Amino acid sequence: MSKSRKITGWVMAGLLTALLVMSASQKLLGNPEMVENFGKWGLGSMITIIALGELVSVLLFLIPRTAVLGVLLLSAYFGGAILVHMANDEPYAFQSIVLLFIWVTAWVRIPEMFNKLFNGNLSSSNS
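So for the sequence shown, the UniProt record's numbering puts the first residue at 1; every next one is plus one.
Worth double-checking, as some hints may not be accurate.
[Unchecked claim] For lysine to aspartate or glutamate, the following EDC-like pairs were computed, each having C-alpha atoms within a straight-line distance of at most 20 Å:
1. Lys-40 with Asp-89
2. Lys-6 with Glu-112
3. Lys-3 with Glu-112
4. Lys-40 with Glu-90
[What the hints assert, rightly or not] Derived CB-CB ranges, DEER-like:
5. Arg-5 with Ser-75: 20 to 28 Å
6. Ser-96 with Leu-43: 27 to 35 Å
7. Met-86 with Gly-14: 26 to 34 Å
8. Gly-80 with Val-35: 17 to 25 Å
9. Ile-97 with Asn-31: 16 to 24 Å
10. Gly-80 with Asn-31: 28 to 36 Å
Just so you know, the hints here were simulated from the structure itself, not pulled from any lab data. On a predicted model such as this, the values are computed, not experimentally measured, just so you know. Yeah, the Cβ is synthetic: ideal placement off N, Cα and C, and Gly gets one too.
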């Protein structure tokens, strides 16, 4: 992997981490708007566990050895966020853009994760 790609990947991962740590901390600190929204969605009692899941997922994504697991967990997290917004007739473009940014960042940082998919070889081999 080229040096510029590594730097780009780390910058993108850093931006994503900053966004998600800020989001999780707002949930943990009880931001009134977030508490109100989670209550409206029927998830008021789950706000802390959701915030902790968000933090764990982004930290796993940030660590190179566990980045693939982080991508999977963040994809599930944002899939859930999109679904909650859709179910409540609320805009979900931002969550969709963040999810897309996660996948692009993963492609930049972990190209081997996508190589098998794009090369048509999804079998588990020793390659």
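Return the numbers of the hints above that this structure violates; sort them in rising order.
6, 10
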